[in-house]
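Number of protein chains: 2
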Amino acid sequence: MYSIGIDLGGTAIKAGIVDEYGKIIVKDKVPTKSERGYEAVLKDMADLCKKLIIKAGIGENEICRIGVGCPGTPDKTNGILIYNNNLGMRNVNIRKELQKYFDLPVYIDNDANVAALAESVCGASKGTYCSVTITLGTGVGSGVVIDNKVYSGFNFAAVELGHHTLVMDGEPCTCGRNGCYEAYASATALISQTKRAALLNKESKIWQACGNNLDNISARTPFEAERMGDKTAKDVCDTYIKYIGEGLVNIINIFQPEVIAIGGGVCNEGERLLHPLKDYIQKYKYTREETPSSTLVIAQMGNDAGVVGAAMLTE
Amino acid sequence: MYSIGIDLGGTAIKAGIVDEYGKIIVKDKVPTKSERGYEAVLKDMADLCKKLIIKAGIGENEICRIGVGCPGTPDKTNGILIYNNNLGMRNVNIRKELQKYFDLPVYIDNDANVAALAESVCGASKGTYCSVTITLGTGVGSGVVIDNKVYSGFNFAAVELGHHTLVMDGEPCTCGRNGCYEAYASATALISQTKRAALLNKESKIWQACGNNLDNISARTPFEAERMGDKTAKDVCDTYIKYIGEGLVNIINIFQPEVIAIGGGVCNEGERLLHPLKDYIQKYKYTREETPSSTLVIAQMGNDAGVVGAAMLTE
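If you read the protein sequences in the order shown, they are chains A and B. For the first sequence, my numbering begins at 1 and goes up steadily by one. For the second sequence, my numbering begins at 316 and goes up steadily by one.
No lab work stands behind these hints, which were simulated from the structure alone. Using N, Cα and C, we set each Cβ at its ideal position, and we do this for glycine too. Any given hint might turn out to be false.
Derived coverage of chain B by chain A (criterion: at least 3 residues anywhere in the stretch with Cβ under 8 angstroms from a Cβ of chain A; other residues may be distant) [stated by the list, open to error]:
1) 344–354
2) 466–473
3) 524–533
4) 560–566
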């Protein structure tokens with residue numbers, strides 16, 4: 001049997017037919033164009049699925065379910081997307097809409113949870129009892145999988161690890177609080193930290209790495225400048241890694257997951273990130289020597305996480 | 316059917332026979348005297364259970380299991396207490412020892428987890444899908460129950476909510492890090508905060524409330540001085556409550572539990588604590604208006620939490 005996974009994003013609807021091991025058999029995408037209203041978007045989702053079934057050369061009776069992952073707040077019990085800001089959707093019954101086209105169970109969840117599920121089924125945390133996936137991007141996304149199920153609390157709004165305090169009354173966060181993990185450990189935060197350091201250090205090679213235009217600074221810039229031998233950039237990177245590490249230690253003390261997978265573009269820095277993070281965790285985690293420790297790894301599912309994880313959703 | 320719950324503490328072994336609803340039928344206690352070695356302690360535990368069975372007037376065949384809660388690190392799979400500092404126990408196979416006396420399943424867990432289970436079975440979070448219990452005492456103890464089971468991670472060392480950062484590089488914590496929730500929100504922390512405020516404010520009524528001896532300061536002292544109309548004491552209480560609230564918001568953003576129960580002596584302050592905490596949570600939690608919110612309550616199980624929760628342990 002196969003299942004269909006749909007990754008409903010602001011720009012594109014991506015979908016794939018996925019086998020029981022999490023392997024994508026066929027996949028495709030269409031533009032979302034959410035301004036047309038939810039019914040048109042949902043019809044395009046259904047059409048894309050029909051097309052993929054034909055492309056895969058399988059019968060509709062070989063599909064056991066459809067899963068949809070998207071940003072926002074889901075009502076998982078009823079398959080309703082309660083709120084999605086980018087798509088302008090409120091209280092859209094995704095299950096009911098898709099069941100106009102398919103006689104199949106339809107499940108939905110938040111995109112960060114779906115990505116965590118993908119890692120646990122066939123990615124970096126495959127085969128574990130409990131795992132956490134953290135994505136360091138514009139924000140800090142997170143998902144927790146326990147016993148093959150996404151944990152999302154009694155109201156489906158968990159797990160927002162990006163919104164736990166790292167520094168009480170610290171940097172303002174998009175959530176309205178101050179000092180959240182996201183405000184220190186996201187790629188956005190790293191860019192701000194790099195700009196600030198450049199402004200204070202006119203001799204820093206950060207300026208060279210960004211072509212003397214601070215608006216060009218990306219999460220790669222401080223690491224590039226560090227490789228040019230720049231002390232300021234090294235300090236920025238070290239401090240940023242300390243912020244990530246501090247949150248990871250919190251996550252370990254809280255969840256004691258078998259695996260923590262970190263993803264997002266900044267993870268392309270590989271060992272420059274992983275090595276000091278592992279040292280930091282080893283030094284500060286609240287786990288006795290006799291107790292096995294969480295393993296920190298880089299997430300593996302990349303751009304397929306949304307489709308594969310959605311396909312793996314169950315009640 | 317009944318089960319036996321044992322609360323193995325540094326001073327006393329408390330045990331009770333508990334019915335399936337979490338009601339204690341009979342209970343008793345004996346001194347621990349751990350200096351005699353674990354075999355004598357375990358034999359006393361067994362003798363106490365035998366005595367209770369007789370006292371309850373039931374047959375041993377009406378008991379379906381024995382549960383043991385104690386501080387320290389358990390290996391729940393094998394019923395082994397890996398480490399307990401106060402009792403001087405290392406790698407004690409509690410299951411095997413008790414099964415010398417009883418042909419019954421034996422389960423063990425950490426005391427904070429056991430307390431959370433007790434609240435979820437018949438206390439403040441009865442009937443919920445997921446709940447968190449926080450005990451504000453010498454440290455900050457915590458337990459999380461999901462779907463009627465204690466969550467304790469892959470290595471049984473979770474959930475240490477007292478050891479997540481509130482203030483990075485802040486107050487030193489007993490765990491070796493700085494800035495943990497425990498270092499700000501425990502009763503111990505409140506006592507330090509009160510002493511510090513008194514030393515800086517010689518006119519404060521804190522001095523009167525502690526009989527001019529700072530060593531007499533307890534977690535009640537600042538609240539007593541506040542009731543005398545003292546501004547310094549009010550500030551101490553307000554700041555302490557903010558620390559508790561900050562951590563509670565983190566816990567809600569992370570777990571989205573149906574109920575958070577807080578316990579420990581300081582909770583005797585009742586609405587002085589609950590009212591501002593509820594306001595703080597309402598203001599800062601990362602949950603949209605449409606989404607149901609976690610409910611904050613005072614824990615109900617008190618001194619029976621250990622015995623009742625232990626009796627409710629299953630694999």
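(message) Hint by hint, where does the structure go against what was stated? Just the numbers, ascending.
(response) Hint check: 1 and 3 fail, others pass.
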